[in-house]
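For reference, the chains in residue letters:
There are 2 protein chains.
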Amino acid sequence: MTRAVDEIVSQLKARQKRLTPQRLNILSVVVDSTEHLDIEQIRQRASRLGDPVSSATAYRTMRMLVDEGIIKERHFKEGVARYEYVESGEHHDHLICTQCGRVTEFTNDTIEELQLVIAAKHGYRMTGHKHEIYGLCARCQE
Amino acid sequence: MTRAVDEIVSQLKARQKRLTPQRLNILSVVVDSTEHLDIEQIRQRASRLGDPVSSATAYRTMRMLVDEGIIKERHFKEGVARYEYVESGEHHDHLICTQCGRVTEFTNDTIEELQLVIAAKHGYRMTGHKHEIYGLCARCQE
DNA sequence: ATTGTTGCAAACGGTTTGCAATTTA
DNA sequence: TAAATTGCAAACCGTTTGCAACAAT
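So the protein lines, in turn, are chains A and B.
Under the working numbering, the first residue of the first sequence carries the number 1102, and numbering increases by one thereafter.
Under the working numbering, the first residue of the second sequence carries the number 1102, and numbering increases by one thereafter.
Honestly, the hints are just simulated from the structure, not real lab data.
Identical chains share a label here; the pair holds if one copy fits it or two copies do between them.
Simulated crosslink set (DSBU-like; lysine-lysine; CA at most 30 Å straight-line):
1) Lys1178 x Lys1231
2) Lys1114 x Lys1173
3) Lys1173 x Lys1231
4) Lys1173 x Lys1222
Keep in mind that this is a model prediction, so the values were computed, not measured.
Whenever a hint applies, use it, and build me the whole structure from the sequences.
Written as structure tokens, this is what we have:
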């Protein structure tokens, strides 16, 4: 259990969330991973850490973590949610390899600013965005 | 049946696709609309034009049109596919109102170029992208 | 002791598919 | 008439939910 997990645990306690063994294990799996895991991966890895976790609990816990703003839910492909921990204040978008599924993160300040301009030009007040670039990663081009 | 539809019909004939009344009606609904319709909307509108269309046929036809590169499939919200006809050579991204669902199209050349640069920088060969800006449209801000 | 969480199994909702009947070319 | 398309109903699949047992505070 890293400091990041510790910190989140205190936040959750402060918000009156109950910390069951399942939740703690799910948390440490997701927070200490740099991957973008789906529910089944999370469930399996968390189960290996102790009490088995049912998928109902995995889904419910991930929803709670997303609602609490601790975890981000991604949908790179239709029909499967993936989750990642993004430290607060951080932000990035994604490059996705259409062959092997590899996900690489990127940020670009110019694009971030342009989005606000574009939204404003069309009368929108921007609240969020999704920017994904698809292609073949270096390895899959060989 | 507009010229656009006529043209697509000839393309499909050239590709040996059979043109049933259902397909023709679905085509004219989707091609002559500027909206981003979901399957049920397409099915209902096409049914009003003549022979009723089952949803199996609506799904199958839309898949065929997407595979043929005639129609684009969008997923602004998880769990519902929306379809739009984009003239060949054209391209745009979307602004989506999170309150009323309104979809507005935008293009930005700077962003288009930056995407290629970003992909290259990370060793990817870009093949596509998805860029959606979410927010409140003018009307929903009032 | 109270209230929230868990696991199970059933329900859901959009989409896909097997199959026999029908239609297109 | 050969091959593709249609409609129906069942299957799929990821996700959600009702409920009774159980655990956190």
